[in-house]
Each structure stands twice: as C-alpha cells, then as structure tokens.
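Asker: The residues making up each chain are set out below.
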Amino acid sequence: MNSLRIHLSAALLGVLVVALLLFSFRTVDRAEAVLQPEIERKAAAVAESSAALVGKALALGIPLDRLQGLGEHLQRIVADNPDIAFITLRNSAGASLYGSPAPQAGADDAATVEAPVAGAPGGLSVVVWLDPDFAAEVVSTLWIDLVIVMFVTAMVALELVYVGFGAGLYAAIEGVENRLRSMRRGDLRLHLPIDAGGEFGRLARSLDGRLDRLHAAYASLRQRVVERGDKAAQQALEMLHARFGLGERVIEAPGRVIAVRAPLFVFMLAEELTRPFLPGYIKALAQPVPGLSPEFVASLPMVTFLVVVAASQPLLGGTTERLGRRRALVLGALLGVAGYVASAFAGGLLGLSLARAVSGLGFAMVFVAAQGFVIDSTNQRQRSSGMAMFISAILVAGLCGPPIGGILADRIGVPGAFVVAGGFAAVSLVLACLCMPAAEPQRPRGPAIRWSDFGRIVASPSMAALLFLCAMPAKIILVAFCFFLVPLEMQALGASQSTTGRMLMIYPIAMVLLVPTFAALADRWDMRASFVAGGGVLAGSSAFVLATASTDIPVIGVMLLGLGLGQAISIAALSGLVGDLGRQLPAGVSETSVYGIFRLVERTGNALGPLIAGGLLGVYGFSTTVMLIGGATALCALTFALTTILARPANLELPSAGS
Amino acid sequence: MLPRRTFLGGAAGLLAGAAVPATAFAQARGDRPFRIYRVTYRGRTEVEDGFDDYLASNGVAVEFIERDAERSTARLPEFVEEIRALAPDLVYTWGTSVTLGVAGRYDAADRSGYITDTPVVFALVASPLAAGLVADLADPGRNLTGAVHVVPPETQLRAMHSYRPITRLGVLYTSTEQNSLSIVEDLRRLRQTMGFSLIERQFRLDGDGRPSPDGIEELIAEIGAEGANWLYLLPDTFLGTQYDRVVPAALANRLPTFGAAELAIRQGGALVGLISRYYSVGQLAASKAVRILRDGASPAELPIETLKRFSLIINLPVAKQLDLYPPIEMLNYAEVLTG
Chain Y
706 MNSLRIHLSA
716 ALLGVLVVAL
726 LLFSFRTVDR
736 AEAVLQPEIE
746 RKAAAVAESS
756 AALVGKALAL
766 GIPLDRLQGL
776 GEHLQRIVAD
786 NPDIAFITLR
796 NSAGASLYGS
806 PAPQAGADDA
816 ATVEAPVAGA
826 PGGLSVVVWL
836 DPDFAAEVVS
846 TLWIDLVIVM
856 FVTAMVALEL
866 VYVGFGAGLY
876 AAIEGVENRL
886 RSMRRGDLRL
896 HLPIDAGGEF
906 GRLARSLDGR
916 LDRLHAAYAS
926 LRQRVVERGD
936 KAAQQALEML
946 HARFGLGERV
956 IEAPGRVIAV
966 RAPLFVFMLA
976 EELTRPFLPG
986 YIKALAQPVP
996 GLSPEFVASL
1006 PMVTFLVVVA
1016 ASQPLLGGTT
1026 ERLGRRRALV
1036 LGALLGVAGY
1046 VASAFAGGLL
1056 GLSLARAVSG
1066 LGFAMVFVAA
1076 QGFVIDSTNQ
1086 RQRSSGMAMF
1096 ISAILVAGLC
1106 GPPIGGILAD
1116 RIGVPGAFVV
1126 AGGFAAVSLV
1136 LACLCMPAAE
1146 PQRPRGPAIR
1156 WSDFGRIVAS
1166 PSMAALLFLC
1176 AMPAKIILVA
1186 FCFFLVPLEM
1196 QALGASQSTT
1206 GRMLMIYPIA
1216 MVLLVPTFAA
1226 LADRWDMRAS
1236 FVAGGGVLAG
1246 SSAFVLATAS
1256 TDIPVIGVML
1266 LGLGLGQAIS
1276 IAALSGLVGD
1286 LGRQLPAGVS
1296 ETSVYGIFRL
1306 VERTGNALGP
1316 LIAGGLLGVY
1326 GFSTTVMLIG
1336 GATALCALTF
1346 ALTTILARPA
1356 NLELPSAGS
Chain L
7 MLPRRTFLGG
17 AAGLLAGAAV
27 PATAFAQARG
37 DRPFRIYRVT
47 YRGRTEVEDG
57 FDDYLASNGV
67 AVEFIERDAE
77 RSTARLPEFV
87 EEIRALAPDL
97 VYTWGTSVTL
107 GVAGRYDAAD
117 RSGYITDTPV
127 VFALVASPLA
137 AGLVADLADP
147 GRNLTGAVHV
157 VPPETQLRAM
167 HSYRPITRLG
177 VLYTSTEQNS
187 LSIVEDLRRL
197 RQTMGFSLIE
207 RQFRLDGDGR
217 PSPDGIEELI
227 AEIGAEGANW
237 LYLLPDTFLG
247 TQYDRVVPAA
257 LANRLPTFGA
267 AELAIRQGGA
277 LVGLISRYYS
287 VGQLAASKAV
297 RILRDGASPA
307 ELPIETLKRF
317 SLIINLPVAK
327 QLDLYPPIEM
337 LNYAEVLTG
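Those sequence lines, one after another, are chains Y and L. Using our numbering, you'd call the opening residue of the first sequence number 706 and step up by one each time. Using our numbering, you'd call the opening residue of the second sequence number 7 and step up by one each time.
Hints may be right or wrong, so weigh each one.
What the hints assert, rightly or not - Below, computed lysine to aspartate or glutamate pairings styled on EDC-like, alpha-carbon distance capped at 16 angstroms:
# : chain 1 : residue 1 : chain 2 : residue 2
1 : L       : K326      : Y       : D770
2 : L       : K314      : L       : E88
3 : Y       : K747      : Y       : E819
4 : Y       : K761      : L       : E160
5 : Y       : K747      : Y       : D785
6 : Y       : K747      : Y       : E777
7 : Y       : K761      : L       : E341
8 : Y       : K747      : Y       : D836
Just so you know, the hints here were simulated from the structure itself, not pulled from any lab data.
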C-alpha cells in the first residue's frame, strides 16, 4: 500500500484529534464553570417571581390557605424547567404548604435556592431544589456533540488532504514509491509521466529519464540485432524484455479518480444534513389537503425529490457525457445551491416541493457526473477500486451529515440549516472547479441502458424475484424507516434534532463497519443468495422489536441496528448476484443494461418508500406502519428464498465480488 | 405688505409640517381648532378622557361644544337643531340612545330629524347592528362610525372558565332586547363546545310589555336552585339598571357573578368581569375622529371596531364574601378592586 501517504494522513489526523480533544476539554471546562452559576441565577429568578406572586396575593388579603392554583403554578414551573427538581412554599417551621413536599433528608447535598415572601408573617419562603442531574446531562450532551464534531472534522480534514495533495504531492510521492517498488521487483517498464513539482516530482522525473534512456538503448540495440538477423541475440533480448519489461509501459491509474472525491463528498454532505429535520419541517409547513392524511401530505416533497432522482438518473448519463463531467457536476451543484436555499425560504408545501425537485435534479446530476467521471478515469481492472472510493465518499457523508444537520437545526433553526446545506453545495461547486481536470478523456462507450432489455431481464423469474422481492423492498424499507418514519417519530417523542441526527448514524455505521466483512464471507462461502434472503429477513424483522417493547428512543435504535445489520449482510451479495444472474440471461443483454435496470429498480424503491410510509402512517400510526413495512420486506425475502434457493441449487460459479 | 405674524405662522407651519403633520394641518387652517359637538348621556366619563388625550397626543387641536342628555332622550331633537345651526366639524355621541337620537337608524323612513351630513363618531354603542345604526360594521356606508365596547361572549366565557370552571351557567335577561337575545343565542352555541349547561330566566314584563324588576329575587333563587355555579351579567340595558338588586340576590344564593360591562363590577358589585376599558374605548373612537378631521377620511369608509385587548377586573371583597378566590396567576394581569 501507499505507506507514506497513509503515514502522513495518520500523523495529520493524530495532531488534529489531539488538538480537538484539548479544545473539547477546555470547552467542557468553561461550560461547567459557567453553567452552575447560571442555573442558580435562573432558579433564584424563578423563586423570586413566585414569592412575589404569593406576596401580592397575601397583601391583597387572600388568606394563606386560599391561594387557589398555587400548587398547579408550582407544578408547571417544575414541568417547564428541566433544571428544577422541586419547588415549594414553606413556612418557618420548614413545612411545605404548597408544591412538592420537601425531599428527604438524604437529599441535602442538592443545591437549593430560597426567596423569602416579602411582607408575609411567619417567615414564608419559596424554595427551589436544583436537579443535580441537569448539569451533568447538559455536559454529557455537549460531549456527544463535541465527539461528533471531532469525528466529522477528522473526516473533512482527510478529504481536504486528498484535495490539497491528491493531484500534487501525494501523486508525486506515490509515483516515486511505485517506481522504486517496481524496480525492486526487477520491473523496468516505463511509467506515465507525473506533472508535479517539488522534490518528489523531480525525483520521479529523473527516474523516468534514466528509464527512458535505458528503453532507448534497448530499442536501438534491438533494432541493430534485428537488422543483423542474429537469432541468438534476438532471443537474449526477448528474455530481457520478458524479465524486465523493457519496451513496455505500466498501465496504472493516472491518479485522477481522487479528483472527484472532495466535491462529491461535500455535496452528499449537504443532502445528508437535511435527513433529521426534513420530515418535521415538511409537516410543519403542510396545509391540510382534504381527503389526505397529514402524514401522507408530509411525504409528498420527499417523494418529489426521490422521484426526480430516480427518473432523471438514467437520462443524465448521456447529458453529463455531452456536457463534460466537470461542467455537469458544477451545474448539479449550482442546482443544489438553488434548491437548498429555496427550501429555507419556502412558504408552503408547494414551494418546498419545487425546491426539493430542483435539489433532486442537482443531486442526480452530481451523482451521475461523479460516477461517470470514475468510469471515464478507470479501466476495467481499476473500476472496482474507483467505485469503492465513490461509495465510501457517499457512505462517509451519510455518516457525518445527519448528526451535523441535527446540531445545526437545534442551534440555528431549520431554515439556517438549509442555508448551510446550500453553502456546502456551493463549496462542492468550487471544489469541482479546483480539483477536476477541465479536459475530458474521450472513451468509447457502449450503450447505457437499452430499454428493450428491460423485458428480457424481467422475464427471467429468478432475476425478477431478485429485483422485486429483494432489491426494491430493501430500498423501500431503508427510505421509509431512516429518512421518513424515524425522524417524524423522534420529533413526536420530543427528541431534539441532534438526537435524531445521532440516531440516523446507526445505519451508516453498521454499513461502513460490516459490509466489507459480509461481502467477503458471502464470496468465500459461495452463499450470495442465502445472504440476500437472510439479510432481507433480518432487516424486515427488525421492525418487530416495536411489538415487544413500548416505542421509545432506545427501542428505535435497536430497530435501526437490526435494519443496518440485515442490509449490511445483503447489500454486496445482492449486487454480486445481479451480475451472476445477468450472465445467465440470453446473450445480447449487456452487463451495463443489467446494472442500469437494477439501479433503476432500486431508485423506484427509494421513491416509493416515503409514499408507502406516509400513506400507512396516516391510517395506522407509527408502530403498525413500521411493522407492516418490515413484515412485508421479510415476507418478500422469504418468498425469494423459497423460489430461488429451493428451486435451484446454489451452484453458481462466482467471480470476485463487487458491484 | 405681508403682515409679519402671518408670515411667521406660515413658516412655523412648514417647519412643523416636516415633523408633525397634524400640527401643520391645524396651522394651515389659520390656527382655528376643529370644533367637535359632544353629546354625553350621563355626564363626563373616562371615555371622554381617553378621547381628549388621544387627540392631544396626536397634536390635533380641538374645541368642544359640550352637551349632556342627562339620562334622557328628551333634549336630543333640540341638540340636532343646534348642530345644524353651529355646523361643527364633527359630532361625538355617547351610548346607543344618544347616537340613535342624533344620527337615527340607517333605514329610517324619515331622516329629516337627524344629522345626515356632518360626520358622527360614537363611543360605547354595544351593538350598532342590533340598534340599526348601520347595516355593516366593516363598511358603515353613511356619515357614522365609532368604537364598540363589548367583549365577544366567547372571550368572556373563557375568562370566567379560567377563574372557576363553568358547569352550569345562569343568565337573566330582557326578552324584548334584541341584543340580549342574540347573546343568549351565542351562549347556547358555546354550551356544546365548552361543555356546560345553561339556565335561562327572563325579567318579567309589565302590562305594557316593558321589563319589570318584580320577582328578581325569586328568579335568581330559581337559577341558584337549579345548580348554577356562575351568573353571567350580559350587556342588557334593563339589567344594567338593576345591579343593586340582582347582585345582592346572587350573593345571597352564593352565586358568583361575571359582568360584561364595567359598571357591573365597579358599581354593581359583580365578582369578576372582562371589559373594554372606557378610557381605551375613548381612544379608539378618537382615532376615528383623527382620521376624519386630519386626513379627510369619510366616516362611511371607516370600519366600526372593537378593542383587541381587554381588562380583567376582580372584586376582592366579593371574593372574600363568597370564599371564592381567583387562581393566583390571575393576579399577574388582573386589576384587583379591594375597596
């Protein structure tokens, strides 16, 4: 591996994390120092205001035992102020007259604030007990936020390292490393030139110069030998050629793929920011539509986005090719900026739906352009590592975006968070201009999706079963749970946007950590179909934890973990199985077509997700809706298992994994 | 030669015009203040204080011709004659009967006995629609506009409910008063949404069909016996003259009373009331007068309005007598009478 690059990145991250940890400790320290006095000041203000009210009532001549509604007034104060544990009106003997009775003697260590009732006989006072857990809770929430910020900062720093060094220093270092490594192996082939300055660039060029001279000497020698017709010498030269690769070029990635990572990551981050707060925001904007439940109406702008994404992606492949990938990505990012900023200021559901449609078009454009760029910049052999880079950028964005979006929405409000998302899209635009090469390599490309293939692909029962019983339900349940039902239910449970954002990290964390393992296992054990079915059943049954316990936040977390685990098991196997089954189709159906239709089916699932969830939610409520969708997903996976695994022995010869 | 004083006056007017248009207008009229012919019903009240203060703080100089009807409509025709003779800029009227006597019903067959051209601004008319002063509050369509002082019944009941939840609401009203009938109609509607039951009693009528105070005590006792936990004193004109019998009778039955008119609580002795402050009603009426005098607006186009904020008044001695004290949080916003 590229040791120096990894070492550099690790060192950089190490320094960054240490610095962030120091800052975090300082921040928490300051917060703790400021927090306690502030809580006490507030409690004193509350106690004084209640004491003043009691004083006023007594001064008017209302008897002490006729202070109507004082108990309720004090109860409301406790309910409205999480930092207050008890509040009571107490006489000089310490007996509680109104409000919660004084806590047991053991609670002496809890801080109290007392305000005397002015002008009242008998030493009346209002006493407030502070909740000792409150400050601890504020600090622990602060820590969670800080750790998330740290994590995301590290991720973004890594991305910036790629941006700063990707094409320049890192490429040069890697180039030198590659050259030395191949020479050590006795491989003297020529390398693609490196256009980087600095020491490493010069070193690489001087190595190339030596190799060039060696190859030139070899070529002229060979020329002379051929002219002389010396068979033995010719054979000896041939051996040299075979041994050292003289007269050949190394085919290697030009290091270009990395150029798209930063703009792609930042743009995806913009969209992921909206996950925790979007459903609640839509619901708040929604006007009732006669005949439709509010939940169904709330799903419409999300459906608009996903329909635009699903419908435009197959069409945009050609468009981005004609425009040039960089220009297409810039245009997509521009649409994103417009869409997010418009979402911030949308006055109603229709405006928001339009804004989301624009964002969706931008999203699809960026996605397709980035994917196209990876395909253009890699050959068949490098394709899977290029795609891995592409997918990891999206997954990391999915991991970082929701918690940040949640924190932003809590601190600056949803419109502000949308404006920040627009800002991210704008940064992505700038990064695309900075990082991506303007010139496009021209590559001959086969036809993308041929619509006539659709019928032939779907006509295969096993393929149809895979697409419609596994691929589509997998996306429906993902979008319905993670992007729609859970954010709405978390809001209904009174959770903050930050908590919702953290909750939405569970799925991508499970994916990032487990997908490589399960992909390898499925290949090694030759059990792709079983993994697909098993993962689907597990993902679907995760919904039924709601049947066993009441709906609260930890239970939803367990459900999302089950969903993530199930899909981590199935997702790579599913993609591989599509390829396997595709190869069994009648000749003439290209792999591109098969995968194109597979992705289209998945995106249709994406678009159906909120629609189905919204429709059911309005009728059945959260728990039943989740269990209906989960049950249907599990049932589909079981049906797939019965039709595929039992009907046909799983004796497919499987090539290496990957999508 | 231009007289020096006039010149200075004009300059002052221009200067003031930049800052306070109101003064400019008064000055431009050659320093002559507007003349308002004011007819009150029972002498000067806080309504007139609010009216005068509003004009003064807006820099509108006025001169009043004050007349009082002395709780009778007898002299009103005479005032109408005088208004015609003096030709003031605006006429101000207090209460329904004065306003009707001066401006007449909008659909009166013979309007020769009323003021039909000079702008009339009224204060303290409970229901201009029921009185027939206009056909539409938002668009009076005649030389008349003004300020209504009645708080909407639903708002009243909400306040009553937060003092003490209403279970059975008693009302005593005059069956010949259109305004009272329409309020009782509102109460019947609210009874479903707010979940209380209604106990209705009407004042007895004498031989001429006029309401009579006979048997007030029995009627209240009946209401009490049917389990009422509130007696609502709605803005009924006859009821307004009988507070000194109705309220003690209610107290005797341990019935808390809720007043819709300021008088019911300040002089009538009701326990609690939600009212438009007279002073504020005067200010609202004056804002209409300013629009007419200074801006030249037509009263026909100025909507008749009610206040948006009301005042809760609690009669603490009555609360003490009934041993029914207000929820303590009400003390944060209510005016409490202690004497």
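Asker: Has the given pair, K326(L) with D770(Y), been kept, meaning a C-alpha gap of at most 16 angstroms?
Answerer: With Cα atoms ~13 angstroms apart, K326(L) and D770(Y) stay inside 16 angstroms; holds.
Asker: Does E777(Y) sit within 16 angstroms of K747(Y), going by the straight-line distance between their CA atoms?
Answerer: Not satisfied, since the Cα-Cα distance of roughly 20 angstroms exceeds 16 angstroms.
Asker: Holds or violated: are the alpha carbons of K761(Y) and E341(L) at most 16 angstroms from each other?
Answerer: Judged against 16 angstroms, a Cα distance of about 12 angstroms means the pair holds.
Asker: Against the 16 angstroms threshold, does the CA-CA distance of K747(Y) and D785(Y) hold or violate the hint?
Answerer: 13 angstroms, holds
Asker: Mind checking the alpha carbons of K747(Y) and D836(Y) for me, to see if they're no more than 16 angstroms apart?
Answerer: Holds: K747(Y) and D836(Y) sit about 13 angstroms apart, inside 16 angstroms.
Asker: Take a quick look at whether K314(L) and E88(L) sit within 16 angstroms of each other, Cα to Cα.
Answerer: 36 angstroms, violated
Asker: Check whether the Cα positions of K761(Y) and E160(L) lie no farther apart than 16 angstroms.
Answerer: Answer violated: K761(Y) to E160(L) is near 29 angstroms, above 16 angstroms.
Asker: Tell me if the straight-line CA distance from K747(Y) to E819(Y) falls inside 16 angstroms.
Answerer: 12 angstroms, holds
Comparing the model with each numbered hint stated earlier shows that hints 2, 4, 6 do not hold.
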